[in-house]
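Please construct the entire structure, taking both the sequences and the accompanying hints into account.
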Amino acid sequence: DQQVKQNSPSLSVQEGRISILNCDYTNSMFDYFLWYKKYPAEGPTFLISISSIKDKNEDGRFTVFLNKSAKHLSLHIVPSQPGDSAVYFCAASTFSGNTPLVFGKGTRLSVIA
Amino acid sequence: KAGVTQTPRYLIKTRGQQVTLSCSPISGHRSVSWYQQTPGQGLQFLFEYFSETQRNKGNFPGRFSGRQFSNSRSEMNVSTLELGDSALYLCASSLEGLTNEKLFFGSGTQLSVL
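Chains A and B, in that order, give the protein sequences. The numbers in the working numbering rise by one with no breaks, and the one at position 62 of the first sequence is 185. The numbers in the working numbering rise by one with no breaks, and the one at position 56 of the second sequence is 80.
Incorrect hints may have been included.
Quick list of in silico lysine to aspartate or glutamate cross-link-like pairs, EDC-like style, CA-CA up to 20 angstroms [to be verified]: (1) K191/A to D178/A; (2) K81/B to E165/A; (3) K128/A to D178/A; (4) K126/B to E165/A; (5) K177/A to E125/B; (6) K194/A to D154/A; (7) K128/A to D147/A; (8) K191/A to E138/A; (9) K126/B to D124/A; (10) K37/B to D124/A; (11) K126/B to D154/A; (12) K194/A to D147/A; (13) K191/A to D154/A; (14) K37/B to E99/B.
In case anyone wonders, no lab produced these hints; they're calculated from the structure.
Put into structure tokens, the structure is as follows:
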């Protein structure tokens, strides 16, 4: 049973436009959500996070939105740049304690110049 | 600070063999987690070690095991390899292994089982 779902395996966006990556979760206990980015031949790197007390968190060109009632979060990248081309993983857990992160399967973003 | 180091980068084994992968965490990090990445399943949690003790375990068979040494370095072992074990194995470290800490990943070990 997949608790974190990224239903789009891939996404292509023109440079300068907005990229929107989506993620759904099923476990109501999750209250902490993260996005990681992965380039080929490298490990994932942390991008941005959000806890359930917020519905939005921004960091430069990256914004994560959380809709708790829909159990849905999205990552917006504005403007998209060719260097953003990577696989993006959504992850979820509980904020306190040491519960392991549950990752989605990832979405491959291609930003076309 | 040096990052998380995983060795070897690539490994080719045959079915039935066993394999040991190594991970050196960032200096000062006491928690080491292992993940398996496959194209179909994304990143799946294997186990987490903290202060030489396995603290969390994912849903993998007993063929997958690990350990952590007093210097926080960790190894994972897979015995009786199966074709389906072919994957990228990622190690990640953090200070205390708390959920709200950033995980720092190594580049992984690509295991191919023939």
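Here's how the hints hold up against the structure:
1. K191/A to D178/A: 8 angstroms, holds
2. K81/B to E165/A: Violated: K81/B and E165/A sit about 24 angstroms apart, past 20 angstroms.
3. K128/A to D178/A: 19 angstroms, holds
4. K126/B to E165/A: Holds: K126/B and E165/A sit about 16 angstroms apart, inside 20 angstroms.
5. K177/A to E125/B: Status holds; Cα separation ~18 angstroms.
6. K194/A to D154/A: 10 angstroms, holds
7. K128/A to D147/A: 5 angstroms, holds
8. K191/A to E138/A: 30 angstroms, violated
9. K126/B to D124/A: 26 angstroms, violated
10. K37/B to D124/A: Violated: K37/B and D124/A sit about 30 angstroms apart, past 20 angstroms.
11. K126/B to D154/A: 16 angstroms, holds
12. K194/A to D147/A: 6 angstroms, holds
13. K191/A to D154/A: The given pair, whose Cα atoms are some 9 angstroms apart, holds under the 20 angstroms limit.
14. K37/B to E99/B: 17 angstroms, holds
When each numbered hint is compared with the structure, violations occur for hints 2, 8, 9, 10.
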